[in-house]
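**Q** As they're listed, the protein sequences go chains A and B.
Going by this note's numbering, the first residue of the first sequence is number 1, and it counts up by one from there.
Going by this note's numbering, the first residue of the second sequence is number 187, and it counts up by one from there.
Think of the hints as simulated: they come from the structure by calculation, not from any bench.
All C-beta atoms in this analysis are idealised placements derived from N, C-alpha and C, irrespective of residue type, glycine included.
Be a bit skeptical, because a hint or two may be false.
[Unchecked claim] Have a look at the derived ranges for each label pair, beta carbon to beta carbon:
(1) B/D446 - A/G125: 22 to 30 Å
(2) A/A31 - B/P583: 36 to 44 Å
(3) B/W530 - A/G153: 54 to 62 Å
(4) A/L39 - B/P583: 46 to 54 Å
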Amino acid sequence: MRNLLTASIAVLILTACEREDREYRANPVTAETEEKIALSPLSGGPSPPVERRSGIGQGYEENAFHVAQGKKLYVWFNCNGCHANGGGGSGPPLMDDRWTYGGQIENIVQTIREGRPNGMPSFRGKIPDDQIWQIAAYVRSMGRNVRKDVAPGRNDDMHPAPAEQRRPPGEVIDGGQISPSAQMPQ
Amino acid sequence: MGGARLAATLAALMFVQLSSSIQAQTPPASQPAAPPFASAPDDGQWTIPQKNFASTRYSDLSEINTENVKSLQVAFTFSTGVNRGQESAPLVVGSTMYVLSPYPNILYALDLTQPGAPMKWQYNPKPAAAAQGVACCDVVNRGPAYSNGRIFFTTLDAHVVAVNAETGEEVWKTKLGDINRGETMTMAPLVAKGKVFVGISGGEYGVRGWIHALNEADGQSAWKAYNTGPDQDVKIGPDFKPFYDSEKGKDLGVTTWPADAWQQGGGTVWGWLSYDPDLNLLYHGTGNPGPWNANQRPGDNKWTAGIFARDPDTGDARWFYQTAPHDIHDWDTVNEMILLDMEWEGRPRKVMVHPGRTGFVYVIDRTTGEVLSAKPFHALTAVTGFDLKTARMQINPEKEPVNNRVIRDICPTAPGAKDWNPSAFSHKTGLLYIPHMNMCMDWQSSEANYIAGTPYVGAEVRMFPGPGGHMGEFSAWDIREGKELWTIKERFPLWSGALATAGDVVFYGTMDGWFKALHARTGEELWKFKTSSGIIGQPTTYRGPDGKQYVAILSGVGGWAGAIVSGDLDPRDATAALGFVNAMRELKDVTTKGGSLYVFKLP
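Isolated chain B, as found in the complex (with noise of 0.2 Å):
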């Protein structure tokens, strides 16, 4: 009987529990929500970095929470035996983990059934040694995606691979780029539609961009689209119908350069891409154009610097919008866009949320390429402001680079207010989660040459904090607003991307070594743990085998901003690493080189 009283007690609190915690599910209704295609029961799993389509990087899982996460404790590790910078996401498929290295490229499948997580089997494509010299940024990679029973993912010599992700054999590798013209990937493939999505990276190296549609099946190309050069190889059609008129006109990739030079263009695709399977659009950002010096490209530089929606079958484009036309500062447009759904001046609107390299967080309706808003969240003195009717910045002129003259106090800086670097968006608080930087620079123009196969640059660059002195922040940003609603300060640049859990937990890395987790709702520091190198990868979250929830994160300095410890470069030259090293002295007494896999779980 006392049993049974207590039985029906314990049901009426875990009904109030229950009921509550369904409630806290719900942003409030003014907040922007993950769209339906993005809102299907966790699986446990996470199969490609993004998490999803709509590129959230949120969990549903919620055992680690707010409560309990300070008893966070190591699972297991794992060395990927490559000690340079390690940007790729642990990805978790069923009760195995696959972690992909750095060049040379290696990807591990590691048993998550058996204790200690062993290695069922290791996977080399054996890349050309020689693509290290025409990687601009360290030699990173940003990780594998998974897709009806295979890993996909890029080499840094400009191969795809897709792997059996039982058996660990190669499937099929196709090579789709040429190291002695300067290419390289470095990206993470998107698979959607029986289609593996992939783009090159080479914007230093004079490198006409593209993405490139591979068939699924057998790796023979679908179709591939440049971003410079005529309409009919940029795949502009009838169906294109950009929101501004600065993006309409005829061969716009051709005519808004100097003769020939969007042959050496730039316009490279290595950053996020993004999937509507319901308005079945493919959306991917361009790269910075070609070479950084502004003063040898006049013109607006199409369609460099910018975002394309294209139609996943066919490559079509159908809307493109330039966030930074004639870029002078090497504001690429790679990083992730978020696909929300959320109320705007009265309507519901289909948007995708960019934070930008430029310094502005992007809210733009994803159907049309309207810019429904675009709101600062970092320092700026290169840009006055934006003006909304034409979707431009205003252009600081004060700033503009002058030819083998020391233009000082640029803020942002040539990587930006944020890099590659992914944001995290959960759904259950509505608020976006952006590790970025504090950063200005001084900046030199100088005519840069075309050689093919070597840097295509044409600046000398040194970088340094931005006001406050700290050169990370990691902020919860409310987009209706567009305002920060808090920000934690980093004495180095964030460049480990987010995570963001149902527990209202979310977590990030930083350079000097450190795995953080935060409360999502007022930032309070919640939980950390010192990992053997600097943290510049994606963290990850997942269901075990034994129905825990467990948090991976890798470990490894490296990428543009941790090249001086990965690369050693002198700290003497301010300008090394394309001036990222004048910031960046420190770093070498606070971390040194690594290569390691962190998992946590609760005791």
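Chain A extracted, bound-state conformation (with noise of 0.2 Å):
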């Protein structure tokens, strides 16, 4: 039985562990994680798209304190000036299901990092790298596909939602929306 017990608060606090793991030492600007990933399930030939994920994205996700800088950072990078508290404006919402570009984390850095054509600005070499990762892994919280006892509690300030942690579990569906563009005629 104590045996039993010295192995689940063991668990727990290895888990803990990981909620709460940071790095000291960043990235610098210039650096670049490069996971292999593909925009679209489909694939020429009958086996799937060609991907390597490295790993460090679910690192990312799965800890409290990155989310929470991301959340910070969010709103330090104007994020917010066009995405709003999630709901969108001028860009597309970012907590519900939709995902023009793919809802994966390592879509969402691709997306940050290299922009995309119908108005989202390219932010390579503006933001260091592990900082793009925590800023996806809070994008992640907002539809809350990330674990709930690492999404963000409530705000101190305006509510103009519940809390990311309050949000039922989400689900992505990729490519969900069609561009303006794709609209345009001719």
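Fit the two chains together into the complex; they arrive one by one in their own frames, and the hints show the way.
**A** Pasting the structure below:
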């Protein structure tokens, strides 16, 4: 019994460590993590698209510290100016289930770094790599596509919507929105 | 013999009718009237969104009147092919109609001589898609303008184009802004005296606002005036004679700001221009100062949120009046400026009437810039009154934003008592018809970071309906008395323009898709038609090649108020679309995206 208790506590502590884990040496602005990801589930040939994820993304989105940092940086880099608190404005909403350019954290990192043709600016060389991952991890939490205990609690200031933590678990529908340019005649 | 008698009787009857209608044409002497340059006999066309340089948006056509308007029916429709907010005004020149879509800003010419008005040609300026990312409030365009055989318009990626009105061929195209600095263009140009006057949008992106005059012939720059910074840039010189002392001094566009803040200070020009050919003055408003968070820019923030009168030939400023010194609530001064003549305290005055975002209808002497009257047309909590001596609003200190604190129940809201959607002035009734809002908001300021090409706002907002629970109002306004004669309440904010006609019928549209005709004198609803999407466009009217009167409107919801539908926004976030979504959640239940022209006529 005692052994079982010790084991449980050890597991809890270890999980908690992972939740709170943080790195103190950030990558320089120019460094880029390289993930092999596809923007489409469709591939030429019978096998699915070739992808290789290093797992670094999981490390960010399962870590409350990174998600909390991401929430702060989301405002500092003016993401909220276009996407509001997830409901969108001039940019598309981030708290819903539709992901024009892919909803996995690796897709979101790529979207922030490279920009997208219908108005998403490129932040390559403007935001350090680890901070892009933190912002992407926070963006994943807006639709509650991260663990409940990792998602942020309620704001101290204006409450635009229920806290990320209190939203129901989300789902991701890739390529769910036709971009305005795709609707363009001619 | 009997036939002759009948003819005589008919002639007599017609004479009686004619003389009574002539009598009715003249508004009571005490009412304001359109100036002579806007009172020429109507040619049945609609060549610029404002209808005339005085911006009255009134047509002399009277075939459609209060008796028969109930029989209006659809003559033809046309899809613009773009499902974003349709704020543009359909123009008619000769026997061709011109329709301009939102981004990607496609210009269509429709042949009115053929059944169903088939397309003659289309012109696509192919603007940069990335411009959509720096357009604050949907990717709208407020219309083209016709002059001397050409159609002129702005594109979202800050180009101005001139297109041959007959053939659709591009005559010239001039790039005026850089989307990497957040500069876009959404306004309708004004063409006068051989120049095309245009301004820049981007007050939510720290753009330093300006107005630019291009030569109508070749698109080359004639002059450019900034609305912040040193006097030289603003084109303030010896001829600048503002009425009020607060507008006098050297380089106020620098000294009324913290160091260098004027460089990202806003004061953009995206609204309506008017022009007085007799005084040779061009009138334009200036947008909100940037960022919205006013605590980052102590001072009056000249020359934002005010009205300039400029010499159209040189750009030199003649007078300026700031409606919102040190604006704290995003109250751009971009709304329409209607030029009228009226007697004021026993003296004939040339005035400008401006229903402002601040919640006041201003009557301003357009020769001098003196404010003659400012009367509220919206519930006010942010403002306690108006001091006519200094022409300044009295701000309620309790509603002034404080960083990181939510200030509640501020009325009117960030889009103001009334936004860009223009009023109409009936030359016949002498009344102003104002489509406006009835809304309040909560506001929290926070420190904004300036990053070029991204928003520069620093405020969280959520809006909600004002007193009474409805959000839109269509009001008939007595300019002299400064009061409403009647008001129609609407569930959603009014984001469509108004049209007044000599048939004593006024038209406007609602965000849930109704196109309505009211009795100009009583406000009685005479007719309505449900279009396929919400209406935020500008109604126009014209005489077709068949001699009959037509009324045209674009349907297709969007704009700042309708972004929840046109941009597929998430209604769970109260602050989405800069806080408009909080008030507009139900819009998703009543309308969907669209982009269609509707044209109506009598059977």
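**Q** Which of the numbered hints above does this structure break?
**A** 2
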